[in-house]
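Trainee: One-letter residues, chain by chain:
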Amino acid sequence: MIEALLQLLLNGAASGGVYALVALGYTLVFSVLGVINFAQGALFSIGGYLTYLLMGGRIGVNGALPGWGLPGGLPFALALLLAAAGSGLISLLVERVAFAPLRRRGAEPLLALITSLGAGVVLVNLLQLLMGAEGYAFPHGADALAGLPDVLVIGGARIRTIQVLLLLISAAAVLALSLWLERSKGGRALRAVAEDATTAQLLGINSAAMVRLAFFLSGALAGLGGGLIGVSVSLPGPYFGIGYGLKGLAVLVLGGLGSVPGAIAGGLLMGLAEALVPSDASGWRDALAFAILFVVLLLRPSGLLGRRTVEKV
Amino acid sequence: MSTPLLELQGLSVRYGSVQALQGINLAVHQGELVTLLGSNGAGKSTTLRAISALVPAAEGQILWRGGSLARVPAHRLLKLGIGHCPEGRRVLSRQSVAENLMLGAYLRRDRAGITADLERCYGLFPRLAERRSQLAGALSGGEQQMLAIARALMGRPELLLLDEPSLGLAPKLVGEVMRALAQLHREGLTLLLVEQNAQAALEIANRGYVLEAGQLTLQGPARELLANPSLRAAYLGG
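So the sequences go chain by chain: A and B. The numbering used here puts the first sequence at residues 1 to 313. The numbering used here puts the second sequence at residues 1 to 238.
In short, the hints are calculated from the structure, not lab data.
For lysine to aspartate or glutamate, the following DMTMM-like pairs were computed, each having C-alpha atoms within a straight-line distance of at most 25 angstroms:
{"id": "1", "chain 1": "B", "residue 1": "Lys172", "chain 2": "B", "residue 2": "Glu130"}
{"id": "2", "chain 1": "A", "residue 1": "Lys185", "chain 2": "B", "residue 2": "Asp117"}
{"id": "3", "chain 1": "A", "residue 1": "Lys185", "chain 2": "B", "residue 2": "Glu99"}
Throw the hints in and build the complete structure from the sequences for me.
Mentor: This is the structure:
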């Protein structure tokens, strides 16, 4: 009984960690620009496929170049890191195409919701063009474990090693990012831009560069999540990131818009709640997620750890 | 006369169809404390915002040590030596007093110098020292103003642009802030002080300019402006 519970908690925490990654990505962009980047889900997909290709996976029969693959294959850790960086770079492109032109023209910031959604749709379709709509299993899924056994027994609970890895990696990423934001000079500068971009510039901070940094980091977080989910489950098709993107959005609102601890707490709560849904009722998982969101927002409109918004009179 | 540190030549700024500044000529020499006076909406803040590249100049130029600033973006100005303490304090309310001050030194790499300047700021404004680990948002208006000035000083500017540091402060605090500015001036800092409180500003300034509806109408040594009858009537309450 205890073992089963531990197993549930670990699994829940693992998917919660990935939700937190996605939500943190939204948080970074939201805090500097005050808008949601709807291309986040597409970047999640891209991270998954990039990891797959970098590990030596081949393109399927419905792809643009059937049977093509990178020669050789990188170890999982390196592939994941590069895929995250690649997603970050594509996120920079999204900023350039979907956000920067609007800012230059002083357009209504909310319009970026539409342009980023458009960018996301284009990216997912490009991915489909390149890779086909079929699902992919990782070429050497288990090799990701670098010789570790497939299943670990922790306190009597049997848990897939990859889930533990997923939890550890997302926890490390979340922790590193929070520490960086809180303690480092660059993190303080980013928070300064988030609070007041004009004043930040007067202090010598290049606000535009900080905005780009936020996009890079948020894309990298999404890509990291995509790679992790790809390895631990599979890549069910180019659209798989969109679902995680939406879940991340729910987590973001649940935790409180713009709050870093909120994104982390929201992610864990969501993952744990979903893990408690029995597997023969797994169709209800998403329903539960959004039901939690609904209830929390009824009780606390600014989210679990959100700042209460001050209305200016 | 030597090249001014900062010079505005025929500076005009427009917001859409509204002419905010029209042909402003103004100079600030090394070591001076110059004040720019005028009522609300006269264009004082716009002048500082144009110098800091926060609004574009429609006509005219802004020269720093004789060279044009036309292509310099806002975030490069501090590196050149121009600090700007903006209107309304604009402290970063979600960061602590110490973090705000450290952000003022964002461009600097000299740790020892930064530490020394921190202590200097705490010496200049002892209230900030008492509250160094509090969030800036929790400070009173006067303390936030002191923090904004101290933060600008942490960037070691040669010229400090100050936008209405006395705004909204109790008279006693106005005196405290002005004394601090006078002390910084004595220590060699060059200042361009925008003020509505003409009396307080002219008491510590070398020279002054008066801006009305986007145009300069009066200028001269601070002592003469203090004695000027029309200025007294308009800004000094007779």
